[in-house]
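Line by line, the protein sequences give chains A and B. Note that the first sequence covers residues 1 to 78 in our numbering. Note that the second sequence covers residues 1 to 640 in our numbering.
Hints are computed from structural coordinates only; laboratory data are not their basis. Be careful, since some hints might not be right.
If you only want the chain B side, here are some residues facing chain A, beta carbon under 8 Å, derived [claimed, not checked]: (1) Thr108; (2) Gln118; (3) Val225; (4) Lys226; (5) Ser227; (6) Tyr234; (7) Leu236; (8) Pro238; (9) Leu242; (10) Val246; (11) Phe440; (12) Met443; (13) Glu444; (14) Arg571; (15) His572.
Residues of chain A placed beyond 12 Å of chain B at every Cβ, according to the derived structure [as the list claims (entries may be wrong)]: (16) Met1; (17) Thr9; (18) Glu68.
Glycine included, C-beta positions come from ideal geometry on N, C-alpha and C.
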Amino acid sequence: MTLLDYAQTQIIPADLEITDFKGVSVICERLHEMGLHRGQKIRLIGRAPLKGPLIVQFGTSFLALRAEEAECTLIQAQ
Amino acid sequence: MHFDSSTVKTSSVALVGAPNSGKTTLYNWLTGSNFKTVNYPGATVEYSLGRLASHLRTADEEILWVMDTPGTYSLHPKSADEEVTIKALYENPELGRVKSVVVVVDGTQMSRHLQLAQQVRETGFPMVIALTMSDLLRKQGIHPNLSLLEKEFQCPVISFDGLLGGGLRELVQAIRELKPQPQVRKPVPWGFEAQDRKIQDCDELAKLVLNQKSEQGQSRLQEVVKSTQLLDRYFLHPIFGLLLFVLIMTALFTSIFWLAAPLMDIVDSFFGDLNSVVSAWAPGSLWTDFLANGVVSSFGAVLVFVPQIFVLFLGIGILESTGYLARAATLIDRPFSLVGMSGRSFVPVLSGFACAVPAMIATRNISSSRDRWITTFIIPLMTCSARLPVYALLLAFVFKGQPAWKAGLTLATLYFAAGFVGAIAAAIVNRFLPAGQNSFFMMELPLYRRPRLQVLLRQALTRTMSYVKRAGPPIFIFAGIMWAAATFPNYQMEDSQQKLEQSYAGQLGHLLEPLVEPMGVDWRVGIGLVSAFAAREVFVSSLAITFNIVDSDEDSVQRNLLEQMATAVNRHGEKIFTLGSVVGLLVFFMIALQCMSTVAVAAREMGSIRFALIQLVVFNLVAYSLAVAIVQTFKALGIS
Chain A
1 MTLLDYAQTQ
11 IIPADLEITD
21 FKGVSVICER
31 LHEMGLHRGQ
41 KIRLIGRAPL
51 KGPLIVQFGT
61 SFLALRAEEA
71 ECTLIQAQ
Chain B
1 MHFDSSTVKT
11 SSVALVGAPN
21 SGKTTLYNWL
31 TGSNFKTVNY
41 PGATVEYSLG
51 RLASHLRTAD
61 EEILWVMDTP
71 GTYSLHPKSA
81 DEEVTIKALY
91 ENPELGRVKS
101 VVVVVDGTQM
111 SRHLQLAQQV
121 RETGFPMVIA
131 LTMSDLLRKQ
141 GIHPNLSLLE
151 KEFQCPVISF
161 DGLLGGGLRE
171 LVQAIRELKP
181 QPQVRKPVPW
191 GFEAQDRKIQ
201 DCDELAKLVL
211 NQKSEQGQSR
221 LQEVVKSTQL
231 LDRYFLHPIF
241 GLLLFVLIMT
251 ALFTSIFWLA
261 APLMDIVDSF
271 FGDLNSVVSA
281 WAPGSLWTDF
291 LANGVVSSFG
301 AVLVFVPQIF
311 VLFLGIGILE
321 STGYLARAAT
331 LIDRPFSLVG
341 MSGRSFVPVL
351 SGFACAVPAM
361 IATRNISSSR
371 DRWITTFIIP
381 LMTCSARLPV
391 YALLLAFVFK
401 GQPAWKAGLT
411 LATLYFAAGF
421 VGAIAAAIVN
431 RFLPAGQNSF
441 FMMELPLYRR
451 PRLQVLLRQA
461 LTRTMSYVKR
471 AGPPIFIFAG
481 IMWAAATFPN
491 YQMEDSQQKL
501 EQSYAGQLGH
511 LLEPLVEPMG
521 VDWRVGIGLV
531 SAFAAREVFV
541 SSLAITFNIV
551 DSDEDSVQRN
561 LLEQMATAVN
571 RHGEKIFTLG
581 SVVGLLVFFM
591 IALQCMSTVA
601 VAAREMGSIR
611 FALIQLVVFN
621 LVAYSLAVAI
631 VQTFKALGIS
């Protein structure tokens, strides 16, 4: 399941684990550069108003991800 | 920048790090007051270069240049300003290839920031790792295992305290002791699998270094983010978040008026007094007239707005250093994307309220060239600080004798209106531009921090001074030209009104009158409008001259000018400054692109002279047509 699907269908906040990345390679590369990787445990905190970016926390970092970016991130619930 | 061509050996070190890593703080500590390039809010412009602060030098030392680069997450650039960082390292126009690199790693974000260190390591640059934010870690009782990092990266690791400057000398010493490398490699992309593995490794390493293996260690590190979590519950809340956003922006834009008012009075009285003093030197002489009514009045008319510009810079600085700007960008991403931009356009657009030049440079942070094009296109519509003197004068005229909050609120409305006009322009351009490739937003939300007032004030002051320095020469030159044009050829004439009418300025103004008459103003304002193309704020000083502020018994330049405006009539005996014509002027200044530096920067940043020319012609045509339409409508409705 992608992070976007999860945010649209499940209850937030939620603890998740990244399983893989797919789609646009430059987005996947940048997601890595922001510190995300397979097996990374993240917490989906919320979503900005007006269906804006998703807010994700991992460790001490906070990241805002647009729908397209959340779509490249595959997750499973912990 | 000048470089000694003598035989002194020079060396150079570049600071490289992710955005918000504390890189610029370290840079300021290293260079002291020696740095040459000024950074504007929201962007490291180009790169900054400075000499090592004198108290850190040794007696016989070679010259050490320190370079600050735009924040980057990796050495594989994905936006224009990340490319600047790579270029600054390898093919620097000033230094050639830099000799060594300091990788700035935020201790609280270690696992993420270590991958950049890894990439620099692979290029072979001699490097030092500077670990920042260590004070935050220490507060939670976390003591990073530096020797483990040193072993892993085979380079010195120095802990640096940005608040007090602790570790500075050790860092400089470590830089000095680095062995020069004759050869370095260009960065090679890792590829998906390798990258994923390396980042996991960095994550593991960071956990070891920060003693995160135990539950207790982890909960300690989580303490660092507690307040950020709490604050974000409000600042990013679907309802409160938007409400707070509007409140904060309103506070920012209204404070420009009321917070600056007392300071403005001081500046205004000062120039009023100076005018009287200078006039008294040799009454009636041409030189005294030039100094008092040409130079002093012009500077007074413009410098009176410096406190407002200072307040604006201070406000943006506060938002930036607390960490709120990234949240604002997140909130605005969705609305912005509807008109073809992204949340990344927010900081450039907001900087546009200070000055379009650094704002256009700040668009380098936008990865999609289409987004960047649209953002650069609408930036000149934002209310830059040069418009402020004009707005302030016109609003002071409309709200004369009324409480300051009215003018303040109207000014805030004008600022929001600029945003609205910008949105319309963006939407139009968005419709006509061909669809582009993928853009990404992906914004790091830095931890909230309490800014240091002293640093904020100093930074706002530096930025204001750089504005004054840039605006000063054109004001001075135009004041001279305007005064001469308004004084000659009949400088001995007694009747000042007639003298002006028959002067060169008067003649030119009359020539232009048919063009400005539909805007409801006469030739004197026409001269002001033309001179505003040198710099918008010159409009105010040229009004001060064309409306002939000669009587120096008045104790303030601005009050005198306002009085002149209230009584000014055109040749038909009708008042010039009516509500209609003032609103027309406001709208004209809101949209017109009158700043030649902006045109030059737009052409350079977009690599297209056509882009800049289209912008210039379109904005001015629209501004003029709208102003005329408004004035004529007011007239037809009989509002004066």
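How about Ser227 of chain B: closest beta carbon in chain A under 8 Å, or not? Hint violated; Ser227 of chain B Cβ to chain A Cβ min 12 Å, cut 8 Å.
So, Val225 of chain B near chain A? Judge it on the closest CB pair being under 8 Å. 5 Å, holds
Does Pro238 of chain B pass the interface check with chain A, least Cβ-Cβ distance below 8 Å? Status holds, d = 4 Å.
So Glu68 of chain A supposedly isn't at the interface. Is its beta-carbon more than 12 Å from every beta-carbon in chain B? 7 Å, violated
Checking hints one by one. Is Met443 of chain B an interface residue toward chain A, by the C-beta closer than 8 Å rule? 4 Å, holds
Under the criterion of a CB-CB separation shorter than 8 Å, is Leu236 of chain B in contact with chain A as hinted? Status holds, d = 6 Å.
Can we keep the His572 of chain B interface hint, with Cβ of chain A closer than 8 Å? 53 Å, violated
Assertion that Met1 of chain A lies farther than 12 Å from chain B (Cβ): 19 Å, holds
Min Cβ distance, Leu242 of chain B to chain A: is it shorter than 8 Å? Status holds, d = 5 Å.
Should the hint that Arg571 of chain B touches chain A count as held when the rule is a Cβ pair under 8 Å? Violated: closest Cβ of chain A sits about 54 Å from Arg571 of chain B, beyond 8 Å.
Just to be careful: measuring from the Cβ of Thr108 of chain B to every Cβ in chain A, is the smallest value less than 8 Å? 5 Å, holds
Using 8 Å as the Cβ threshold, decide whether Phe440 of chain B counts as touching chain A. 6 Å, holds
Violated hints, listed in ascending order, are 2, 4, 5, 6, 10, 14, 15 and 18; each of the other numbered hints is respected by the structure.
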